[in-house]
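Enquirer: One letter stands for each residue in the lines below.
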Amino acid sequence: NAGVTQTPKFRILKIGQSMTLQCTQDMNHNYMYWYRQDPGMGLKLIYYSVGAGITDKGEVPNGYNVSRSTTEDFPLRLELAAPSQTSVYFCASIERDRDTQYFGPGTRLTVL
Amino acid sequence: AQSVTQLGSHVSVSEGALVLLRCNYSSSVPPYLFWYVQYPNQGLQLLLKYTSAATLVKGINGFEAEFKKSETSFHLTKPSAHMSDAAEYFCAVSTSGTYKYIFGTGTRLKVLA
Numbered sequence: 214n215a216g217v218t219q220t221p222k223f224r225i226l227k228i229g230q231s232m233t234l235q236c237t238q239d240m241n242h243n244y245m246y247w248y249r250q251d252p253g254m255g256l257k258l259i260y261y262s263v264g265a266g267i268t269d270k271g272e273v274p275n276g277y278n279v280s281r282s283t284t285e286d287f288p289l290r291l292e293l294a295a296p297s298q299t300s301v302y303f304c305a306s307i308e309r310d311r312d313t314q315y316f317g318p319g320t321r322l323t324v325l
Numbered sequence: 005a006q007s008v009t010q011l012g013s014h015v016s017v018s019e020g021a022l023v024l025l026r027c028n029y030s031s032s033v034p035p036y037l038f039w040y041v042q043y044p045n046q047g048l049q050l051l052l053k054y055t056s057a058a059t060l061v062k063g064i065n066g067f068e069a070e071f072k073k074s075e076t077s078f079h080l081t082k083p084s085a086h087m088s089d090a091a092e093y094f095c096a097v098s099t100s101g102t103y104k105y106i107f108g109t110g111t112r113l114k115v116l117a
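Taken in sequence, the protein lines are chains D and X. Mind the numbering: the first sequence is residues 214 to 325 in the numbering used here, read in order. Mind the numbering: the second sequence is residues 5 to 117 in the numbering used here, read in order.
To be clear, the hints were calculated from the coordinates, so they are not data collected in a lab. Mixed in with the good hints there might be a few duds.
[To be verified] Straight-line C-alpha distance at most 30 Å; calculated DSSO-like pairs for lysine-lysine: (1) D/Lys270 x X/Lys53; (2) X/Lys53 x D/Lys222; (3) D/Lys257 x D/Lys222; (4) X/Lys62 x X/Lys114; (5) D/Lys270 x D/Lys227; (6) X/Lys114 x X/Lys72; (7) D/Lys222 x D/Lys270; (8) X/Lys72 x X/Lys53; (9) X/Lys114 x D/Lys257; (10) X/Lys72 x D/Lys222; (11) X/Lys72 x D/Lys257; (12) X/Lys104 x X/Lys72; (13) X/Lys73 x X/Lys104; (14) D/Lys270 x X/Lys62; (15) X/Lys53 x X/Lys114; (16) D/Lys257 x X/Lys73; (17) D/Lys227 x D/Lys257; (18) X/Lys104 x X/Lys62; (19) X/Lys73 x X/Lys114; (20) D/Lys257 x X/Lys53; (21) X/Lys104 x X/Lys53; (22) X/Lys62 x D/Lys257; (23) D/Lys222 x X/Lys114; (24) D/Lys270 x D/Lys257; (25) D/Lys257 x X/Lys104; (26) X/Lys53 x X/Lys73.
Excised from the complex, chain D in its bound form:
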């Protein structure tokens, strides 16, 4: 199993550009999450999904969108990039009726 994979590892965007951060898991986990990590702030939940076709907002959803068309994939979309979205983004997944999250390696995004 590859676990949770994220692409790209690094990206630099200009203000106003858009992009999609990819997240894939091969563990057949039902629950998937997107977090952002800023220095000294810990991890903040952006969006999460409890299964294909079902998504919900977390603590900091503004400026982001998600979709979940398959169990494996949970892409995060930034439509109009802003400097405040400069961060490290982590995707995670969890199996139903379990409680341990498995994290991807992260995507480091800079918006200039």
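Position chain X against the provided structure of chain D, taking the given hints into account.
Expert: Structure of chain X alone, referenced to chain D:
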């Protein structure tokens, strides 16, 4: 609402000394509590978890934590620090069935030779 507070954003210990990282939580219902470790440029990995069984929880790499309801604490300890323990540590809280996790702001552990 749930919350987690980690006291001390940076902790330094000498190699071989006791490691103590503090975590206090707030929850109106019985919590699930977790400690995760993050090595540089990597994702988080689970160290240990408390899910209402034994209050003293043992994890990987010699770490353990004790759930103390009266103190609303879940401090992480290791008797003897190793250089390889240098990393950032996060405490997190959840509750059964919610599948939503609140993370603390993290504590960066530095181990001095």
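Enquirer: Which of the numbered hints above does this structure break?
Expert: 10 and 14
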